[in-house]
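Number of protein chains: 2
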Amino acid sequence: MARTLASGPDTDTRERILDAARELFVAHGVAQTTMRALGARLGMTAPAIYHHFADKDALVRELVLADMSRLAAAFARAARVADPVERLQSIGMAYVRFGIEHPEHYRFLFLTPDAKQGLEEEIQCRMNEAPEQDAYHLLQVTVAEAIENGRFGPLYHDVDRVSQICWATVHGIVSLHIVFSTQPWLTWRETSVTAERMLAAMTHGMQQGATG
Amino acid sequence: MARTLASGPDTDTRERILDAARELFVAHGVAQTTMRALGARLGMTAPAIYHHFADKDALVRELVLADMSRLAAAFARAARVADPVERLQSIGMAYVRFGIEHPEHYRFLFLTPDAKQGLEEEIQCRMNEAPEQDAYHLLQVTVAEAIENGRFGPLYHDVDRVSQICWATVHGIVSLHIVFSTQPWLTWRETSVTAERMLAAMTHGMQQGATG
DNA sequence: GGGGTCCGCTTAACACTGTTAAGCTCCCTC
DNA sequence: GAGGGAGCTTAACAGTGTTAAGCGGACCCC
Numbered sequence: 009m010a011r012t013l014a015s016g017p018d019t020d021t022r023e024r025i026l027d028a029a030r031e032l033f034v035a036h037g038v039a040q041t042t043m044r045a046l047g048a049r050l051g052m053t054a055p056a057i058y059h060h061f062a063d064k065d066a067l068v069r070e071l072v073l074a075d076m077s078r079l080a081a082a083f084a085r086a087a088r089v090a091d092p093v094e095r096l097q098s099i100g101m102a103y104v105r106f107g108i109e110h111p112e113h114y115r116f117l118f119l120t121p122d123a124k125q126g127l128e129e130e131i132q133c134r135m136n137e138a139p140e141q142d143a144y145h146l147l148q149v150t151v152a153e154a155i156e157n158g159r160f161g162p163l164y165h166d167v168d169r170v171s172q173i174c175w176a177t178v179h180g181i182v183s184l185h186i187v188f189s190t191q192p193w194l195t196w197r198e199t200s201v202t203a204e205r206m207l208a209a210m211t212h213g214m215q216q217g218a219t220g
Numbered sequence: 009m010a011r012t013l014a015s016g017p018d019t020d021t022r023e024r025i026l027d028a029a030r031e032l033f034v035a036h037g038v039a040q041t042t043m044r045a046l047g048a049r050l051g052m053t054a055p056a057i058y059h060h061f062a063d064k065d066a067l068v069r070e071l072v073l074a075d076m077s078r079l080a081a082a083f084a085r086a087a088r089v090a091d092p093v094e095r096l097q098s099i100g101m102a103y104v105r106f107g108i109e110h111p112e113h114y115r116f117l118f119l120t121p122d123a124k125q126g127l128e129e130e131i132q133c134r135m136n137e138a139p140e141q142d143a144y145h146l147l148q149v150t151v152a153e154a155i156e157n158g159r160f161g162p163l164y165h166d167v168d169r170v171s172q173i174c175w176a177t178v179h180g181i182v183s184l185h186i187v188f189s190t191q192p193w194l195t196w197r198e199t200s201v202t203a204e205r206m207l208a209a210m211t212h213g214m215q216q217g218a219t220g
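Protein chains in written order, with my numbering: chain A, 9 to 220; chain B, 9 to 220.
Read the hints as simulated data drawn from the structure, not as lab findings.
As the structure is a prediction and not an experimental result, all values here were calculated from the model.
No residue lacks a Cβ here, since even glycine has one placed at the ideal position from N, Cα and C.
Some hints here could point you the wrong way.
Using 25 Å as the maximum straight-line C-alpha spacing, the simulated SDA-like pairs for lysine to any residue come out as follows [claimed, not checked]:
| no. | chain 1 | residue 1 | chain 2 | residue 2 |
| --- | --- | --- | --- | --- |
| 1 | A | K64 | B | E31 |
| 2 | B | K64 | A | Q40 |
| 3 | B | K64 | A | R78 |
| 4 | A | K64 | B | G37 |
| 5 | B | K64 | B | E31 |
| 6 | A | K64 | B | Q191 |
| 7 | A | K64 | A | R78 |
Negatives, chain B to chain A, calculated, CB over 12 Å [what the hints assert, rightly or not]:
| no. | residue |
| --- | --- |
| 8 | A87 |
| 9 | P92 |
| 10 | R169 |
Make the full structure from the sequences, and use the hints.
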């Protein structure tokens, strides 16, 4: 009863599972997506999935790592700006766009730490292998360049701290957008405009007392 | 077999359930806390809880609303600063302190929207009843005062947008702290210091072209 | 060509979750 | 003392992720 026509050796259905899982996770969220529903979507039963993935977490893990690479790629595209401070704003906006366009991806990349429990080593390994794919590293490099060029004031000379400030800035607006923009008790302003003004104010504010 | 000694009419065990639930939720998270475990902690079975609360969500809901009042109280204390811009920084730091000291409370107040699904009307109602307990409203009022006093530049004259910028700033650093500060692949800087510098840079940056 | 083996899948089942239904016990009231 | 209800119990249901056992066809080697 197995398929007789060729469709790849065995990695094919594995890919099909990943695609369907991403689709359902993005559409209805990870928790609401049941293994049985995922199996039904693929025309097979739930336990069949366990022949390709250890468990549900492994599925989530694989998608998370893929999305991190995708984000890093968007970063690399946004990083082609000469001036380091302008570059910070550029990759900041790339981050915001990623969050707005892929809210469910963003949610389980940056909003659900439980989904990544025990994933730290793998992330670290992956980053050591391909540092150019490490989004945080790119941020650090850009911040370091800005600091070396004397663009920031004396309170903003710590590369890690400034990197975390920049990250927190865009992460704040994106996660508020995802969680609260649909709430009726506040009149939400368009996220991308707010993000631009935030980045402008933040970078300007950090130039207080700059030497360059 | 029920207790014969007086311990209040019926609101007593209700309170005991709430206290135990808060404790377990904070310690292990909402999802990991099972109704049976909560019952065992109280020396009774899980279904007994349903005589006091409709379901698990009702428990979460009650705790969420209580915590929002607690946050609002911290805000009110922090709002006793004359200068509106300094006041913004003061309530911002109160927000950050709340998040650092009660990470699990913060998590299900601001990081897990699903927990509050269908809670919007109740929040809105509660806020209309006691607007002085509405933390966001306090933020808006402070921002409005700063704008009226000409403290912010022309790009930062929209009360809602500036309020959301301020909220996003502190929310960003707090939620990064909660989700990522323990990750080994980044050297996390002390959150409260970073938050202070963020607020300083943000408020300074928004004064670009201010008239007052 | 025939037998062994393994891959991909199915059915059945387990342990666990939140939740509901039925019933039991004690206390209060009349 | 009978009625009734509050507060709890045990039993059970539907749903979850996950595992165990078995079946059918494809492949390989003799």
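Now the hints, each set against the structure:
1. K64/A x E31/B: Outside the cut-off at roughly 29 Å; violated.
2. K64/B x Q40/A: holds (17 Å)
3. K64/B x R78/A: violated (37 Å)
4. K64/A x G37/B: Cα-Cα ~20 Å, so holds.
5. K64/B x E31/B: holds (15 Å)
6. K64/A x Q191/B: Within the cut-off at roughly 22 Å; holds.
7. K64/A x R78/A: holds (21 Å)
8. A87: holds (19 Å)
9. P92: holds (16 Å)
10. R169: violated (4 Å)
Consistency note: the structure conflicts with the earlier hints numbered 1, 3 and 10.
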